[in-house]
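Protein chains in written order, with our numbering: chain A, 40 to 157; chain B, 83 to 678.
Keep in mind the hints are simulated off the structure, nothing from the lab. Keep in mind that this is a model prediction, so the values were computed, not measured. Ideal Cβ placement from N, Cα and C applies to all residues, glycine included. Please note that a few of the clues may not be correct.
Some residues of chain B that are not near chain A, with every Cβ distance over 12 Å (derived) [unchecked claim]:
(1) VAL131
(2) ALA135
(3) ARG229
(4) MET261
(5) TYR264
(6) PRO265
(7) GLY267
(8) PRO306
(9) GLY427
(10) GLY513
(11) LYS562
Listed next, the stretches of chain A that the computed footprint assigns to chain B, with coverage defined by at least 3 CB atoms under 8 Å from CB atoms of chain B [to be verified]:
(12) 96 to 103
(13) 121 to 127
(14) 136 to 142
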Amino acid sequence: MRPVLYVLSFLAVIALGFWAYRENYATQAALKEVEGLQRQIVDLREALSVQRAEWAYLNRPDRLRDLTTANFDRLGLLPMEPSQFGAAAQVAYPKARLPEISNSTDIQGTLAAPEEGL
Amino acid sequence: MRTPLRPLARILQARQEGLNPDMIERENLKLRHDVQREKARGRAQYRLVILCASFVMVFGAIGARMGLMAATEPVEPRTSAPGAEIIAQRADITDRNGRILATNMLTYALYAQPKLMVDPKGSARKLGEIFPELDAAALERRFTDGRSFVWVRKVLSPEQMQQVYDIGDPGLLFGPREMRLYPNGTLAAHVLGGASFGAEGVQSAEVIGTAGIEKALDARLRDPAQGNKPVTLSIDLTLQSTVEEVLAAGVGMLNARGAAAILMNARTGEVLALASLPTFDPNDRSSARTDKTAEPGDSPLFNRAVQGVYELGSTFKIFTVAQAMELGLVTPETMVDANAPLKWGRFKINEFDNKNYGPLLSVSDVIAKSSNVATANIALMIGGLRQQAFLKSLGFFEKTPVELVEASGSRPIIPQKWSDIVTITVGYGQGFASSPMNLATGYAAVANGGVLIKPTLLKREGPTTGVRVMSEKTARDSVKMLRRVVTEGTASLGDVPGYEVAGKTGTAEKPKKTGGYYKDRNINTFGAVFPASNPQYVLVVMMDEAVDTTLSEARRTAGWTAVPVAAEIIRRVAPLMGLRPTLEPPATDALTAASN
Chain A
40 MRPVLYVLSF LAVIALGFWA YRENYATQAA LKEVEGLQRQ IVDLREALSV
90 QRAEWAYLNR PDRLRDLTTA NFDRLGLLPM EPSQFGAAAQ VAYPKARLPE
140 ISNSTDIQGT LAAPEEGL
Chain B
83 MRTPLRPLAR ILQARQEGLN PDMIERENLK LRHDVQREKA RGRAQYRLVI
133 LCASFVMVFG AIGARMGLMA ATEPVEPRTS APGAEIIAQR ADITDRNGRI
183 LATNMLTYAL YAQPKLMVDP KGSARKLGEI FPELDAAALE RRFTDGRSFV
233 WVRKVLSPEQ MQQVYDIGDP GLLFGPREMR LYPNGTLAAH VLGGASFGAE
283 GVQSAEVIGT AGIEKALDAR LRDPAQGNKP VTLSIDLTLQ STVEEVLAAG
333 VGMLNARGAA AILMNARTGE VLALASLPTF DPNDRSSART DKTAEPGDSP
383 LFNRAVQGVY ELGSTFKIFT VAQAMELGLV TPETMVDANA PLKWGRFKIN
433 EFDNKNYGPL LSVSDVIAKS SNVATANIAL MIGGLRQQAF LKSLGFFEKT
483 PVELVEASGS RPIIPQKWSD IVTITVGYGQ GFASSPMNLA TGYAAVANGG
533 VLIKPTLLKR EGPTTGVRVM SEKTARDSVK MLRRVVTEGT ASLGDVPGYE
583 VAGKTGTAEK PKKTGGYYKD RNINTFGAVF PASNPQYVLV VMMDEAVDTT
633 LSEARRTAGW TAVPVAAEII RRVAPLMGLR PTLEPPATDA LTAASN
């Protein structure tokens, strides 16, 4: 009975050693991947902040004003004015719909030559 | 097995031999004690060994750990999850709608290690070609005089960096830098202020605020824990841009030396737009510095809205009248003496253009016509002490509490001795200087029903509370009077159809450095409140030495300079704030008008 127990425990030690070896390398690989991802995140964040700054730069009011002036013939944009406010009462009601045409009859006729004397 | 102390056999034997049996008892007792002592000693020894062993183990573990830590290379923990704070940087500044006003950008600084350089002379010459503002000869001297480290430039554009790479000298090196960027250029420059580099190292440099809100909130902006949370200002980018555009046009047309405008929400104290002209580019503050001989007040860096203290003239009259109404001395219909000129000691108080509105004028007309004499009489009714207390309660005796570092230098100029003549002149805004921001705060108190609210440049959440400085009725009556100034008084050019502008003009002559006042240099101010029926916003426009020359004579009063500019600002800004005009919009053409 005892030798069997020895052999079994020896096998268990080998198996556990193998498992620990694999876990170790798997962890290191995961850590390396995380590091890479973190570097990627930092780069992306940096790019994002640059793009945000660029977006703000391209949308600065001075530039937009110049662009609307330059493209006035296409856009026709003017500064907002008090007269552009409207009241709900100014919006026209939709036109009442005409009833559907039902039981239509075709009417045909011919043009006769006009009589003399008319 | 326990041995008895007096074993009977031995006792009997001892008695037979004539010995003392007590000796036997004592002997046995000693033996018993010996055994007990041996046992106790063994146990104590055992405990000591255990204790020693545990001490050795604990200290050994600590020592081993320390040795291990000292011997290993430092490694950053790799498993902790990174957050946005991975780039610990200065927080962004955004406007109230989240549009970026200030942000950071990664760039590089250029430095040289002359000991590593292959060709110091050639590199210096090539650097001089890339950066025209660098002196190639001086650079060459610094490269060759034996020092081991030279800063060349603080920031580089990517193109410049590539050009420096192309020189190909191993002694030219780059250090990463976070640079503060203001993408909107000069917009809101006086609010933002500017930033520059503090302590500099090769790998990084700290960015510190040098002016404006960047300096005032420096600690918050640099706080690493809040680096990813932007500071949200109360400024609205669209309104700010519109106000600056109109104000700049006004300055150009009226040949003004400078101007300032403040648009404030009267209920919350939030400053929606704050402009001061001339302005500068916060990305490049250093270029805005003027020569040293010029007055500091003329520098583009000078914030006229907050830093400048001016005699704001007749705009003050409404405070005098409001106080008189609050004290119950007058009502809007009370007739007061307005017979000009008013003689007080050796002083003579005149009206504008030597007019005479007298003999009697109703209080409401005093404001509409802007009568100095009548205001002086009302101020005398109030008296100096009460006048001081009221102006103090409106915050005119202190620097404005707005979050700009410049505000701390703007303590109002208060007369040292408050004599009767001071009471008179302060009543109509002469001899008492304060910043336009102070004035806007005072007008906001009138506009919002009599509550003084602290002005702020930060977006406010929730309701704001303030100190009541006058009753609601007084505030309402004051706004009605201000409305009359626009409909039939000195600010008739300020009427914007649909927005019921109410306000008061102020024209004050600029004081000479040598004493006395200039006749042809004015500070023109217009403090406006709109819409009058339900005041929500306060606008203060101040123009420095503006003159209207469209007609034959040059006009320098506020009614011809600051008022039309303020009216145009309101006309443009009110629709942007979603304020609906109260009147019907005019018919678009004659045909529609006829068909109606």
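Comparing the hints with the structure gives:
1. VAL131: The claim holds: B/VAL131 sits with its nearest Cβ about 32 Å from chain A, beyond 12 Å.
2. ALA135: 29 Å, holds
3. ARG229: 33 Å, holds
4. MET261: Given a closest Cβ separation of 10 Å, the condition is violated.
5. TYR264: 9 Å, violated
6. PRO265: Non-interface label on B/PRO265 violated, nearest chain A Cβ at 4 Å vs cutoff 12 Å.
7. GLY267: 6 Å, violated
8. PRO306: 15 Å, holds
9. GLY427: B/GLY427 clear of chain A: closest Cβ-Cβ about 50 Å, beyond 12 Å.
10. GLY513: 39 Å, holds
11. LYS562: 22 Å, holds
12. 96 to 103: holds (count 5)
13. 121 to 127: holds (count 6)
14. 136 to 142: Check failed, 0 qualifying residues.
Hint compliance for this structure: hints 4, 5, 6, 7, 14 are not met, and every other hint is.
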